[in-house]
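> Taken in sequence, the protein lines are chains H and V.
The first sequence: position 22 = 22 (my numbering), numbered continuously.
The second sequence: position 10 = 10 (my numbering), numbered continuously.
Quick caveat, the hints were computed from the structure, so don't treat them as lab data.
A couple of the hints might just be wrong.
[Said to hold, decoys possible] Only pairs whose alpha carbons sit at most 30 Å apart, straight line, appear in this in silico DSS-like list of lysine-lysine:
#, chain 1, residue 1, chain 2, residue 2
1, V, K363, V, K339
2, V, K85, V, K254
3, V, K85, V, K102
4, V, K89, H, K144
5, V, K144, V, K171
6, V, K254, H, K144
7, V, K192, H, K144
8, V, K144, V, K322
9, V, K85, V, K304
Please read all numbers here as calculations on a predicted model, not as lab measurements.
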Amino acid sequence: MLQADSGGPVPVPRDTGARRISVFLSRHPRLRLSLLLSAPLFWLGLVYIVALAALLITALWTVDTFTGTITQTWTLDNIVTVLTGSLYQTVTLRTLGIAVVVTVVDILVALPIAFYMAKVASTRWQRVLVIAVLMPLWASYLVKAYAWRSVLSSDGIVDWLVAPFGGQTPGYGLPATVITLAYLWLPYVILPIYAGLERVPDSLLEASGDLGGRTGSTLRLIVLPMIWPAIIAGSIFSFSLTLGDYITVNIVGGANQMLGNLVYTNVGAANNLPLAAAIALIPIVIIFGYLAAVRRTGALDNL
Amino acid sequence: MNRHAPHRNSRLTALTGLAIALIALLTACGTTTSGATKPTASAPTALGANEGAVSILAWPGYVEDGSNDPTVDWVSAFQDETGCKVTSKTYGTSDEAFNLMKTGDYDVVAASGDASLRLVAAGDVAPVNTDLIPNYAGIYDFLKLQAWNSVDGVSYGIPHGYGANLLMYNKDVVTPAPTSWDVVFDKSSAYKGKVTAYDSPIYIADAAMYLMKHQPDLGIKNPYALDEKQLAAAVDLLKQQRPNIGEYWSDYLKSVQSFETGDTVVGTTWQVIRNSLAAGTAAEVTVPSEGVTGWSDTWMIASKAAHPNCAYAWLNYIASPKANAQATEYFGEAPSNQKACEFMTDPNQCATYHAGDADYASKIWYWTTPIAKCVDGRTDVTCTDYAAWTTAWQEIKG
Numbered sequence: 001m002l003q004a005d006s007g008g009p010v011p012v013p014r015d016t017g018a019r020r021i022s023v024f025l026s027r028h029p030r031l032r033l034s035l036l037l038s039a040p041l042f043w044l045g046l047v048y049i050v051a052l053a054a055l056l057i058t059a060l061w062t063v064d065t066f067t068g069t070i071t072q073t074w075t076l077d078n079i080v081t082v083l084t085g086s087l088y089q090t091v092t093l094r095t096l097g098i099a100v101v102v103t104v105v106d107i108l109v110a111l112p113i114a115f116y117m118a119k120v121a122s123t124r125w126q127r128v129l130v131i132a133v134l135m136p137l138w139a140s141y142l143v144k145a146y147a148w149r150s151v152l153s154s155d156g157i158v159d160w161l162v163a164p165f166g167g168q169t170p171g172y173g174l175p176a177t178v179i180t181l182a183y184l185w186l187p188y189v190i191l192p193i194y195a196g197l198e199r200v201p202d203s204l205l206e207a208s209g210d211l212g213g214r215t216g217s218t219l220r221l222i223v224l225p226m227i228w229p230a231i232i233a234g235s236i237f238s239f240s241l242t243l244g245d246y247i248t249v250n251i252v253g254g255a256n257q258m259l260g261n262l263v264y265t266n267v268g269a270a271n272n273l274p275l276a277a278a279i280a281l282i283p284i285v286i287i288f289g290y291l292a293a294v295r296r297t298g299a300l301d302n303l
Numbered sequence: 001m002n003r004h005a006p007h008r009n010s011r012l013t014a015l016t017g018l019a020i021a022l023i024a025l026l027t028a029c030g031t032t033t034s035g036a037t038k039p040t041a042s043a044p045t046a047l048g049a050n051e052g053a054v055s056i057l058a059w060p061g062y063v064e065d066g067s068n069d070p071t072v073d074w075v076s077a078f079q080d081e082t083g084c085k086v087t088s089k090t091y092g093t094s095d096e097a098f099n100l101m102k103t104g105d106y107d108v109v110a111a112s113g114d115a116s117l118r119l120v121a122a123g124d125v126a127p128v129n130t131d132l133i134p135n136y137a138g139i140y141d142f143l144k145l146q147a148w149n150s151v152d153g154v155s156y157g158i159p160h161g162y163g164a165n166l167l168m169y170n171k172d173v174v175t176p177a178p179t180s181w182d183v184v185f186d187k188s189s190a191y192k193g194k195v196t197a198y199d200s201p202i203y204i205a206d207a208a209m210y211l212m213k214h215q216p217d218l219g220i221k222n223p224y225a226l227d228e229k230q231l232a233a234a235v236d237l238l239k240q241q242r243p244n245i246g247e248y249w250s251d252y253l254k255s256v257q258s259f260e261t262g263d264t265v266v267g268t269t270w271q272v273i274r275n276s277l278a279a280g281t282a283a284e285v286t287v288p289s290e291g292v293t294g295w296s297d298t299w300m301i302a303s304k305a306a307h308p309n310c311a312y313a314w315l316n317y318i319a320s321p322k323a324n325a326q327a328t329e330y331f332g333e334a335p336s337n338q339k340a341c342e343f344m345t346d347p348n349q350c351a352t353y354h355a356g357d358a359d360y361a362s363k364i365w366y367w368t369t370p371i372a373k374c375v376d377g378r379t380d381v382t383c384t385d386y387a388a389w390t391t392a393w394q395e396i397k398g
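Only chain H is shown next, with the shape it has when bound in the complex:
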């Protein structure tokens, strides 16, 4: 059959073991696919699924408060505590609120910067700006958070700047937490939006202008729909990173605590790993919900 197709004599390959396996695999595409995928899937399973499953299982155990050892009897107590305790509801709502505000602030700040970088700046300046945006990532997270601590302190630079106008520093608290987190995650929001804007052809903007579209309508009707997936990608970074954070709120958050702090104190101070695992499930559920909501908008289709 093969000879007939190619129109000339082709040497018949030797019938080796490898060849037989190869033939077998080519006739069974599903088996081939599963073998190809099994290695990466095994790794994915080990790192993600097993970790999540371990978390879930731990949440179903309890701790002997006297000796501090984990008792492996099955109970839903921790989950019930986390779902019904007013402390956990308050802290969950606070954490969610902070995550939403940080995300909105980051997108609002990132959009003009990314637009300038992608569409206005010269190629040379574009490079400089990308480096400038990436530069804060070279500094340690802690250094930046402590820097904001001194900036926002009552004899810090913010107070000094606004004092002539009768203002004063917001001090340590939720506003300081939002400011610091928004600063920390800004590069992660700017970069995807910048990449998205780069893919918007200039010709579309020009065509819109030629057809009488004003700047506002061009941005709203042409640019925004095209970079929507990029905005969503950026928001996933800032939203999920904020949900899990506990260090910034410790440094500039005054007396407030977030979900991460509850996990931290339950692992560290209270030695209650099962309850910590149950609390850790909250942000996981929230982020799954967020991803599901995002998927419904169709923003992930082009990723």
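Start from chain H and add chain V according to the hints.
Coordinates of chain V only, in the frame set by chain H:
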């Protein structure tokens, strides 16, 4: 909606199946390893030859071999003297120490009172035969056989040093100078947003100590032995304090900074924090009329110590006047050895920390782990334990 949907669903099913299989597997592994250790170890009656090595878990600054600062070294002398090579690890909180001791990797631990009883209860540390430690005789009597280093008259370690949680205030803002803890409790609203408190469940004892004087009808005899009703009263007091708190501290450098900048003007502190403030900071410390809580650290020996003889050698060495002076002076606390003051490089050190001042020391309620069996000796009620305090503390912070 999407032509790939069926595939996605089948993939999802496969992943779910995988997850369930793994859960089943882990469950099978999990149920075979339960069982808690009970305190069974007893103290040795005689020592053998040193094993040549000892592994120590301690607060930062307690085991210095010159690697942090060449001039700060009391480990080398011990190694030369006993032939026990020291490996050490530092920890940041009592809870971390408690968890690390569970690994069984350490022969000796320097534990504060809020960890020591838990270590005893978990069976991680063994009784210490003080007859085998000649330098024990030199320790201040008021530190021996206390609730945080002994159980039923059995010593579980050697006192190391102690200090108090003092009231610090900004002299420019807080006038007149406070003589009571009421500036951080009942009258804290005057300094709204500028009050600080120690960020640990053990701080509940400070509120309980305040209530001992101000609400005597609650019947609190010891701030570490609170029944349900007494704990609720302390929690209420701390919840009233909460809106006026600027921030809680557990990292002492954070507290130093906020007093220097004026973000905090009043709150609980340690002597070492006062000493670390930049010159010119208008802050002063005082011992309020209600008394103070404090900490007294204990060198303890692991119940499964691999090098018990070297562990005893270390306990004896660190209780000696010279080593005790070096270690407590470096950290900034009162020494436990009566003769340590003679070896301090700063002659005012002992006065600053009120070393040996039994009257000062008697005003201190030393950190003790709250346990269900009331530490004040009551037997008609069950006391709230540390887990209950931790839950309460999280609810106070909100």
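> Are the hints correct? Go through all of them and say.
Hints, one by one, checked against the model:
A C-alpha spacing of about 22 Å is found between K363 of chain V and K339 of chain V, which places the hinted pair at or below 30 Å, so the restraint holds. Distance hint between K85 of chain V and K254 of chain V is unfulfilled; the C-alpha atoms sit about 35 Å from each other, more than 30 Å. Distance check on the hinted pair: K85 of chain V and K102 of chain V sit about 22 Å apart at the alpha-carbon level, within 30 Å; holds. For the hint pairing K89 of chain V with K144 of chain H, the CA-to-CA distance comes to about 28 Å; that is within 30 Å, so the pair holds.
Of the supplied pair hints, the one linking K144 of chain V and K171 of chain V is violated, its CA atoms being roughly 37 Å apart against a limit of 30 Å. In summary, the hint linking K254 of chain V to K144 of chain H is supported, as the alpha carbons are separated by about 15 Å, within the 30 Å threshold. Distance check on the hinted pair: K192 of chain V and K144 of chain H sit about 27 Å apart at the alpha-carbon level, within 30 Å; holds. Between K144 of chain V and K322 of chain V the alpha-carbon distance is near 19 Å, which keeps this suggested pair within the 30 Å criterion.
In summary, the hint linking K85 of chain V to K304 of chain V is supported, as the alpha carbons are separated by about 18 Å, within the 30 Å threshold.
In this structure, the earlier hints numbered 2, 5 are contradicted, and the remaining ones agree with it.
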